[in-house]
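Just so you know, our numbering puts 21 at position 21 of the sequence shown, and the rest follows in order with no gaps.
Accuracy of the hints is not assured; some may be wrong.
To be verified - Calculated pairs, DSBU-like style, for lysine-lysine (alpha carbon to alpha carbon, straight line, at most 35 Å):
| id | residue 1 | residue 2 |
| --- | --- | --- |
| 1 | Lys4 | Lys17 |
| 2 | Lys72 | Lys5 |
| 3 | Lys72 | Lys17 |
| 4 | Lys47 | Lys5 |
| 5 | Lys64 | Lys30 |
| 6 | Lys17 | Lys64 |
| 7 | Lys17 | Lys47 |
Simulated from the structure, these hints should not be mistaken for laboratory data.
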Amino acid sequence: MLGKKLEHLSNGVNRLKEALLAEGLPEDLKRDAVIQRFEFCFESAWKTLKAWLRDEGIETASPKSALREAYKLGWLGQDPDPWYPMLTDRNLTSQVYNEEMAAAIYANIRSCYANLLAELVDRLGENFDDA
């Protein structure tokens, strides 16, 4: 099951990267596609963390608690700080649509979040290979 969760997350991150690299789309459509794929990736990431933590004997009930516990185990790298704004931005994407908010979240995905999600896949993959 853990391998399948990681595979789904990896596929989602790859699809997010594809959207970020897409050419020939109007910028607003590209932005919306990237945000949609980011939403999927973040949901997959926290649910993957939840499953992996459960396998370690740690129960979590929310994305925030999953992030906190994953950081303690070193799965989020050296700095957990970018993950909490990512959670906030993910929560904002399900709110009423706002152009300025969408533009800011899109910029965050491009500059930071996509890389963090890819690094998480790599880190979990290393742990999975060691198991």
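Report task. Provide an ascending list of the numbers of those earlier hints which the structure does not satisfy. Result -> none
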